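J.: Please model the entire structure based on the sequences and the hints provided.
Note that the protein sequences, when read in sequence, are chains A and B. Note that the first sequence ends on residue 515 in full-length UniProt numbering; no numbers are left out. Note that the second sequence ends on residue 515 in full-length UniProt numbering; no numbers are left out.
If you're looking for bench data, these hints aren't it; they were derived computationally from the structure. It is possible that part of the hints are untrue.
To be verified - Below are the BS3-like pairs computed for lysine-lysine, each with C-alpha atoms no more than 30 angstroms apart in a straight line: (1) 328/B x 354/A; (2) 354/B x 514/A; (3) 431/B x 328/B; (4) 514/B x 514/A; (5) 166/B x 287/B; (6) 439/A x 328/A; (7) 514/B x 354/A; (8) 268/A x 115/A; (9) 328/A x 115/A; (10) 353/A x 287/B; (11) 328/A x 431/A; (12) 235/B x 514/A; (13) 287/A x 195/A; (14) 287/A x 166/A; (15) 166/B x 235/B; (16) 287/A x 235/A; (17) 353/B x 313/B; (18) 235/A x 268/A.
What the hints assert, rightly or not - Sample of chain A residues at the chain B side, in silico, Cβ under 7 angstroms: (19) 140; (20) 142; (21) 143; (22) 145; (23) 148; (24) 149; (25) 284; (26) 299; (27) 510.
Bear in mind the structure is a predicted one, so any value in this text is a computation, not a measurement. All residues carry an ideal CB built from backbone N, CA and C; glycine is no exception.
There are 2 protein chains.
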Amino acid sequence: MALLLGFSLAEARVHNHTWEITYQHKSLDCYNKLSIAINGMTPGPVLIAMEGDTIIVNVINHLFMENVAIHWHGIRQIGTPWMDGTDGVSQCATMPGDTSTYQFVVDKVTVPAGKSEPFVYDGGDHSIVLSDWYHSSSYEHATDLTYLPYVWIGEPQSLLINGRGKYNCTNLDTSVCNTTNPECVPYSLIAVPGKTYRLRIASLTSLSALSFQIEGHNMTVVEADENYVEPFVTKNLYVYSGEIYSVLVTANQDSRNYWMSTNVVGRKPATPTGLAIFNYYPNHFHKLPPTTPPPGPAWNDTGARINQSLAIKARQGFIQSPPSTSDKVILLLNTQNTIQGRTRDTPYLIALKKNWTDVFNQTPSPESYDIYNIPRNTNSTSSTSIYRLEFNSTVDVILQNANTMNVNDSETHPWHLHGHDFWILGYGDGKFNMSGDVKYNLDNPVMKNTVPLHPYGWTALRFRADNPGIWLCHCHIEAHFLLGMPVMFESGSEMVAEPPQQNMGCGRTKSLIKP
Amino acid sequence: MALLLGFSLAEARVHNHTWEITYQHKSLDCYNKLSIAINGMTPGPVLIAMEGDTIIVNVINHLFMENVAIHWHGIRQIGTPWMDGTDGVSQCATMPGDTSTYQFVVDKVTVPAGKSEPFVYDGGDHSIVLSDWYHSSSYEHATDLTYLPYVWIGEPQSLLINGRGKYNCTNLDTSVCNTTNPECVPYSLIAVPGKTYRLRIASLTSLSALSFQIEGHNMTVVEADENYVEPFVTKNLYVYSGEIYSVLVTANQDSRNYWMSTNVVGRKPATPTGLAIFNYYPNHFHKLPPTTPPPGPAWNDTGARINQSLAIKARQGFIQSPPSTSDKVILLLNTQNTIQGRTRDTPYLIALKKNWTDVFNQTPSPESYDIYNIPRNTNSTSSTSIYRLEFNSTVDVILQNANTMNVNDSETHPWHLHGHDFWILGYGDGKFNMSGDVKYNLDNPVMKNTVPLHPYGWTALRFRADNPGIWLCHCHIEAHFLLGMPVMFESGSEMVAEPPQQNMGCGRTKSLIKP
Numbered sequence: 001m002a003l004l005l006g007f008s009l010a011e012a013r014v015h016n017h018t019w020e021i022t023y024q025h026k027s028l029d030c031y032n033k034l035s036i037a038i039n040g041m042t043p044g045p046v047l048i049a050m051e052g053d054t055i056i057v058n059v060i061n062h063l064f065m066e067n068v069a070i071h072w073h074g075i076r077q078i079g080t081p082w083m084d085g086t087d088g089v090s091q092c093a094t095m096p097g098d099t100s101t102y103q104f105v106v107d108k109v110t111v112p113a114g115k116s117e118p119f120v121y122d123g124g125d126h127s128i129v130l131s132d133w134y135h136s137s138s139y140e141h142a143t144d145l146t147y148l149p150y151v152w153i154g155e156p157q158s159l160l161i162n163g164r165g166k167y168n169c170t171n172l173d174t175s176v177c178n179t180t181n182p183e184c185v186p187y188s189l190i191a192v193p194g195k196t197y198r199l200r201i202a203s204l205t206s207l208s209a210l211s212f213q214i215e216g217h218n219m220t221v222v223e224a225d226e227n228y229v230e231p232f233v234t235k236n237l238y239v240y241s242g243e244i245y246s247v248l249v250t251a252n253q254d255s256r257n258y259w260m261s262t263n264v265v266g267r268k269p270a271t272p273t274g275l276a277i278f279n280y281y282p283n284h285f286h287k288l289p290p291t292t293p294p295p296g297p298a299w300n301d302t303g304a305r306i307n308q309s310l311a312i313k314a315r316q317g318f319i320q321s322p323p324s325t326s327d328k329v330i331l332l333l334n335t336q337n338t339i340q341g342r343t344r345d346t347p348y349l350i351a352l353k354k355n356w357t358d359v360f361n362q363t364p365s366p367e368s369y370d371i372y373n374i375p376r377n378t379n380s381t382s383s384t385s386i387y388r389l390e391f392n393s394t395v396d397v398i399l400q401n402a403n404t405m406n407v408n409d410s411e412t413h414p415w416h417l418h419g420h421d422f423w424i425l426g427y428g429d430g431k432f433n434m435s436g437d438v439k440y441n442l443d444n445p446v447m448k449n450t451v452p453l454h455p456y457g458w459t460a461l462r463f464r465a466d467n468p469g470i471w472l473c474h475c476h477i478e479a480h481f482l483l484g485m486p487v488m489f490e491s492g493s494e495m496v497a498e499p500p501q502q503n504m505g506c507g508r509t510k511s512l513i514k515p
Numbered sequence: 001m002a003l004l005l006g007f008s009l010a011e012a013r014v015h016n017h018t019w020e021i022t023y024q025h026k027s028l029d030c031y032n033k034l035s036i037a038i039n040g041m042t043p044g045p046v047l048i049a050m051e052g053d054t055i056i057v058n059v060i061n062h063l064f065m066e067n068v069a070i071h072w073h074g075i076r077q078i079g080t081p082w083m084d085g086t087d088g089v090s091q092c093a094t095m096p097g098d099t100s101t102y103q104f105v106v107d108k109v110t111v112p113a114g115k116s117e118p119f120v121y122d123g124g125d126h127s128i129v130l131s132d133w134y135h136s137s138s139y140e141h142a143t144d145l146t147y148l149p150y151v152w153i154g155e156p157q158s159l160l161i162n163g164r165g166k167y168n169c170t171n172l173d174t175s176v177c178n179t180t181n182p183e184c185v186p187y188s189l190i191a192v193p194g195k196t197y198r199l200r201i202a203s204l205t206s207l208s209a210l211s212f213q214i215e216g217h218n219m220t221v222v223e224a225d226e227n228y229v230e231p232f233v234t235k236n237l238y239v240y241s242g243e244i245y246s247v248l249v250t251a252n253q254d255s256r257n258y259w260m261s262t263n264v265v266g267r268k269p270a271t272p273t274g275l276a277i278f279n280y281y282p283n284h285f286h287k288l289p290p291t292t293p294p295p296g297p298a299w300n301d302t303g304a305r306i307n308q309s310l311a312i313k314a315r316q317g318f319i320q321s322p323p324s325t326s327d328k329v330i331l332l333l334n335t336q337n338t339i340q341g342r343t344r345d346t347p348y349l350i351a352l353k354k355n356w357t358d359v360f361n362q363t364p365s366p367e368s369y370d371i372y373n374i375p376r377n378t379n380s381t382s383s384t385s386i387y388r389l390e391f392n393s394t395v396d397v398i399l400q401n402a403n404t405m406n407v408n409d410s411e412t413h414p415w416h417l418h419g420h421d422f423w424i425l426g427y428g429d430g431k432f433n434m435s436g437d438v439k440y441n442l443d444n445p446v447m448k449n450t451v452p453l454h455p456y457g458w459t460a461l462r463f464r465a466d467n468p469g470i471w472l473c474h475c476h477i478e479a480h481f482l483l484g485m486p487v488m489f490e491s492g493s494e495m496v497a498e499p500p501q502q503n504m505g506c507g508r509t510k511s512l513i514k515p
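T.: See below:
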């Protein structure tokens, strides 16, 4: 696997970890809630590794009746499709009492020793993980969303910065909600005046699109989904679920503490701003800033969000040029309709590998739609088909937005592709022009693995189907994923090794377990 | 299988059912809560069958990540140990998307055509299912109980009669709790004046011991765990978790509606009385009785509870005499201590069948303890051993109570045995006298499958190990089961057929699945 990445194993290290999965009571936003934890922690532990290193994680499922699978978001799993952690696609989820071992090479993240990055920072390198937090359980969400008629899950109760938020505990018993609980003390980033810090800002939200900002400070965006971008300065960063950005921020203001804040955009917010502290040493890191937290940008300023999407270009000197043409164009119409779901039990990649052709639909998936001739809201059928792509072919994916089930309503969808980065060739408003005179950016398109599709707009992506396997491509909003927005891209699966025993044991794959 | 029961297949019927397991929002006590449902129903559907009939139930697991197993409480599974539904003992739980088919012969319940019962009733035959209801989830309970130090789950929020209760919704939003929700209208039993009704009163509680009574009416107890008992009259019936009684009640009072009520005994109650309506036709069945519901007996009147236990004897003419001596005596000390748990993943019966001797402890389990010489609270070790009993041997089990982790505190434990009925040879106070001069009732001991062990007392049971398999014997309180009170009795497992494919797929049994 290391050879695929083009550097020698001699430099690379192996990181061994054991992750024990349990339920724990957590009060991340001061409200006590049962949460799934890794080694007792929610959010889970941080893995620190350099490009080319090997990660080995033994995941032990200590839950009583629930199965577990772990996806390593942003890791392309080049040559290791069985390690992608996609329940029902690459594996059966791990059963209670069982252990699964995930082993893969880190293809990005921290540059290896001897390589340097095209920007400097003399402070620290900090992860800023943004998430939205519900007090209801994922069981309630899954139940509500699959009711007929379905029940919407509503807006999250809190926004968390590095797992810390603050719910309004008024009128709640302190055993349930207690704002003095140390678990919900705001995260504080300690900065030395004059120094420049790198923040790796990741959104793990299940629903919300966010804006992130640091009161009184500019941020310079230098990286998106671990690809260098042409630096640009902004007061606020829009982050969609599944995206990761690196920004540089310099502690160049008066010595006091400042708010770091995040707020919902793209949907009418019903969730308070998430807060953390940008602490100027030697002020006490728990001291709240003297100011009112900045409100963040207007939630419905779609234009500003599109402008930021357009501003993100590959960095000069680091441009990986895309193929100038594609072999295939797939249009994915993002809309809503009512269909009846079904239960799936056999992972696709194992079925394909075993030639169990009845597990999935053999009819080729549609490669293009005439969106001019179909009424909206009719392109919804329950499908088990896979987009089968010729290995090493170049594929364009046109994400086309439309209205939801409500009139004059169109949502932002953050699309995430497994196993590959794609080039973002362009964004546009309204219906994509399939006749071919669309101007793509082939000069300096950024590569990412997650991209927003803006309301009533389109987003054009290009990627090389050069990683053997079956790979999910889906809206990263959990409810949308559950409601039917994942598709699967297959290519080169004939080159894939036999599935590991640990990946099997559900549905038809039960019969593949060897003594 | 039918031959084992001694009547011909010609008379028996086959009942085919499909049970779809899903999550549903339910408001059984007016408080909206996510519940697991069978075919949309909580409590699940009623299966009506006669002795000798065959039940076939296809259980389809539509949950997203949770596995499911179903135990058929009170069915002895004579010759069908693989159908007992005990996750980790007889089977692997059924995974999401999978179907398991349970097939077994009904060995008791309704008498077959042509047989008559030793009592008469000219009204109807009604099930009265009593349960305690928590607003927290079983995940929260399992998490709290397995914390170190452990967190007690507390008393239930409501008591339900046939799945209906009434929580105090004051100060709660009506979307969460609404006493006018039709789901929580009290159950009403419509009675014609002068007629006699048979009530089959079953306790499905997870924690609570209960008393059940009908305002102003006597009840005649005629059956216990589907065995006829010498009739006796009582104003209130004590019912322990896992027990089933038939009582006769005659509508011989003034024409109005009366309360049926259930209340907690044996623990200091923190749960309101559960209420239903005994409706005298033609009064409206929803009309509440004009009276204050009777409070039920004092929760701490242990003497009254012991007296009722002693009153339950096999019915003359229906006595199945126990063997006069036993081949083995097993003493189970009921106490509490702190130990570290472990995760188990391979069902015992399959492991035994496959001679995987490392899955369980080969050391014989202790057959007796000198309870005079051991300090209390020390008999707690984590064990994977099985009590191996010679096939067809007669075994005595002495349940010996002790104090809990608190001084001067001893709880009631309802013990339930799978695969067999046992004779209840006696109850006693204090330490059981192992020297042998205990007076057992060998004349007319009742047979049951669930029996209370009273505080600081002992209960002596005898059974014939005549059903090949591995059978759980456990305190029926869910928390106690989880905390380590199950033991397993094996006998004749060499006669057991090969496990069905559907029972395998977890732990080591993964390797046993055939294509």
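J.: Any of the earlier hints contradicted here, and which numbers?
T.: 1, 8, 9, 10, 12, 17, 22, 23, 24, 25, 26
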